[in-house]
Amino acid sequence: MTAATQNGVEGIIAECGGNRSCATCHVWVRDDFVPLLGPPDEMEEDLLDLGVSERRSGSRLSCQITVTEELDGLAVEIPPEQP
Amino acid sequence: VSGTLVVGASQAGLQLAISLREAGDTAPITLVGAEPHAPYQRPPLSKAFLLGTTDATGLSFRTPAFYTERGIELVLGERVEELEIAPGGSAGSAGTDRGRSLAFDRLALTVGARVRKLTVPGAELDGVHHLRDLADAERLRSSLTGARRVVVVGGGFVGLEAAAVARALGKEVTVVEVGDRLVGRAVAAVTSEFYLAAHQRRGVTVRLGSAVVAVVGGPGGVRGVALDDGTELPADLVLVGIGIVPRTELAVRIGLECDPGLGGIVVDRDAATDRAGVVAAGDCTVAPHPVTGEGRVRLESVQNAVSQAKAAAATLAGGPRPTPEVPWFWSDQGDLKLQIAGLSADHDGVVVRGNPATERFSVLYYRDGTLLGVDAVNSPADYLTVRRALATNADIPAERVRASDRPLKELLVPDSVRAGNR
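Heads up: the protein sequence lines correspond to chains A and B, in order.
Quick note, in this note's numbering, the first sequence goes up one by one and the last residue is 401.
Quick note, in this note's numbering, the second sequence goes up one by one and the last residue is 532.
Treat the hints as calculated values from the structure; they're not laboratory data.
Note that beta-carbon positions come from the ideal geometry of N, C-alpha and C, so glycine has one too.
If a hint is listed, it holds; no wrong ones were tucked in.
Label pairs and their computed distance ranges (CB to CB):
1. A:Ala321 to B:Pro146: 23 to 29 Å
2. B:Asp384 to A:Glu372: 39 to 45 Å
3. A:Ile396 to B:Val523: 30 to 36 Å
4. B:Gly479 to A:Asp390: 51 to 57 Å
5. A:Asp349 to B:Asp515: 32 to 38 Å
6. A:Glu360 to B:Pro524: 25 to 31 Å
7. B:Pro197 to A:Glu360: 55 to 61 Å
8. A:Asp349 to B:Gly373: 50 to 56 Å
9. A:Glu372 to B:Gly162: 36 to 42 Å
10. A:Asp350 to B:Pro138: 41 to 47 Å
11. B:Gly373 to A:Asp350: 51 to 57 Å
12. B:Thr255 to A:Asp350: 40 to 46 Å
Please model the complete structure; the sequences and the hints are all you need to start from.
Rendered as structure tokens:
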């Protein structure tokens, strides 16, 4: 999320600054990367369940994705609408 | 054309500049700020930054390249002190404390607020801290390392967030609050009671109804804090968190209306001041109640700063008014995540869902049976459901909430159904 916001990627609003409070950094993670991320925790789960415009199988809050070597090449799609 | 001058390199100031560009405004934009930093996030200063889990770079909203690409000129480390505006127009010039002159034909004030200072004897001693900007937070973080006993003056959000951090760092922490409950200005009594118990469980001492009459000095700085009942609390670090005062002096200089009681620059729902071509946004403003459109409220929140900045940009660029947003707020105190939606100040009833003793519950607020808002502690689903209900004019009837443990979203009555019943 920080990489996106600091570089002005449109559609990643991140109004709460990465605190699992607003769900405005929602992304659709490409299928092949989903297993590498591990499951969302309960709080992220609730935000995805209720807080995003269109939940898909790869839906995650980008503030909860820590970029690691393993995630090199990570591709995500930005939903047309954030809440 | 000299373009738009945005005074205050704050979250509101940055959002205003970005929204102007998004609206297709191509005139020059200058964003001037007194601090030496490009706009950064303030909320983590009393949380992750103080704890040491994020640094100054992590707080930055944008990279330097972003400003260049969008044609937003940053003037940093210079405070605007002079301001002149031509009669009957919005063109004028600003002068900074470093002698720079900045011409503009549209003006935005996103100047924020200053901390309210403790005015008792000893308040100027080394070891007495306030927390508003990055420099304050850096000083506090570094002093906290060597401190053993910390007294926090003020049981509001900033004070409690910092108290939680200090406690997590193993300090002895006492919170002194002059009112009869914590966060009395912002949450219901039941939420205040919860935070009192929760902080006590974590080893924080809380003294309610206590006023500080002096900070007592000793060799090497602060020795303690003297209270109105004669007690002296030993302390080697004092953090004062007793609120903020909007910066209105520039507005006064150009004759903008300010609210004498609430102390902010008066704007309408479009973030327009009483002078055409001059807008204001964020902590420095007072505005009509965002839900009822009536009266005046002063809101200190990220959401308010961002929403007003978007409205201000639309006003300057002549675009459509953005959809009003439901007010929301968050406060992280250690592992306790509070999320607030709506404005609950006028409530006449509350319904509590869940058991506060489990540190997972929510408080729904009503007035005349109408849902006003929620305080949700570690309960994001309740927070989001209420936020959505308020945004879509849906209802969550109090009697249904009282009678059921089902998820709140199942109790929601959509606007269409409400209309059918009317």
